[in-house]
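*Asks:* Take the sequences, apply the hints, and build the full model.
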Amino acid sequence: MGGNSRRGTSVGLRGNPPRGRARCRTCLDAQPPAPASCRALRLKDERPTRRGAPFAGTATLGSVPAMAVAVPPRRNRRSPTPPRILTAVPLCDGHDSAVMTVNHELVRHGAEVVYLGYHQSAAAIARAAVQEDVDAVGISSYNGGHLVFFREVLAELRARSGADIPVFGGGGGTITAADARLLQRAGVARIFFAGTPLAAMVDELFRHASTRRRLAAGNGDRALGRAISLAENESSAAARAHATSRRVAPRSPFVLGVAGPGGAGKSTLIDELTARFLHDQRAGRLAILANDPSQPGSGGALLGDRVAAIYAQNDRVFFRSLGTRGAQAGRSAALPGALQVLRERGGFDLIIVESVGIGQESDPFGTLGRDERALVDAVLFVLPPHYGGRIQLEKTALLHGADFVALNKCDDPRCGTARAELAASLVRDTPPPALHLTTAARHDDPGVDQLYAAIAARAGLSPPGGERPCLLCVET
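If you read the sequence shown in the numbering used here, its first letter stands for residue 1285, the second for the next number, and so on.
A portion of the hints provided could be inaccurate.
Okay, the calculated beta carbon distance ranges per label pair [what the hints assert, rightly or not]: (1) G1568 - A1483: 45 to 51 Å; (2) A1483 - A1439: 27 to 33 Å; (3) A1462 - Q1676: 56 to 62 Å; (4) T1495 - H1670: 29 to 35 Å; (5) A1567 - Q1734: 23 to 29 Å; (6) G1429 - L1652: 48 to 54 Å; (7) T1701 - L1431: 39 to 45 Å; (8) T1701 - Q1579: 35 to 41 Å.
Read the hints as simulated data drawn from the structure, not as lab findings.
Glycine included, every Cβ here is placed at the ideal spot set by N, Cα and C.
*Replies:* Rendered as structure tokens:
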């Protein structure tokens, strides 16, 4: 159960069930003409997976794999402006096998899928849809309550100037045909039933994405999301933005770049830093730009950094996911344009930029002197204790060019050795970056407290005050 661990509670807020817990056996969006097909559904070769990781089982309908209805990726799907689809599982629902199957199929056909994870509120789904400027929302619901929940999502979208974003849903045998008719009359675009080929789902979502009429962006998060989309989709926008990114108002926000190898815990650490910012800056605003790699074949991407975002579910936080779309720099080519939008129009006190998992020569923020100007004001480099040996520390350029270094996952028994090797390597730098020992998966970790205090001092943020809100009180 994990004591005070943020990821080990018995209820669980994100991702897959704890290791060893059985999965539900009826979790595949399929449309059965006959009830017998539901009884035949089984999940074979079931293996628990990490939160947000690809589903490891093979879904079968009787003796025929359900994925057999999918067609090979169509190469003409790839485009410089891939459709963006947000997927999520509602509150009090931990069934994520079906939605991960759909996620993979969408990515395989070239979509950028913003995945929120399970146990998501209607407000969280609508907030993310507007900030991410998605073309459609897909909700996988297996726990009942769908008649109320889908209507709440539609109402939240209308309240956030997102009434033009179509909402789709599915729930195996949970959502009946009569329920589907009620939901469609309420404004849901379509409910997919058991037996619907995955290729048909993809075609329907892509058709809506390409033909829907967008409402005017208005103000607030919707306007910011739309402006960042323009920076992503117009090839000249990023170049123009990079050239003028420093010509901003005097109250320009502090920009922190966060980089490190894949699996270091960057997203979780950023979320813990977010919690401390929201506690300390009672009226402040924070923006997060999270980069994820696009697949080289289809051009699709699973943008999954929001899965770890618990505290970032707050109206004072603007969170935007960016696919690299073929860029090899460890971040999206549109990042300069997105930063310009946030600097000039967002009214933020702090902007955090997360790179993709990087390698030894990576310089995603242009801080090592190779680019004309750096994109960020300071760099936090995050690495786990299992980095492979002391020689690897000497090979990682950005580690020695960072302003802050976080040795994360320090509940690992290898942390003591890693700390000694890392300190010996960093002491030769001039000036040596500050080394912080953190365990971001643990609530109220003192190492994260010290790291945030150092970042806040560097950013010129006001000193803290008051009591940190509990997890259940974060969303506003």
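*Asks:* Going through the earlier hints one by one, which of them does the structure break, listed in rising order?
*Replies:* 4 and 7
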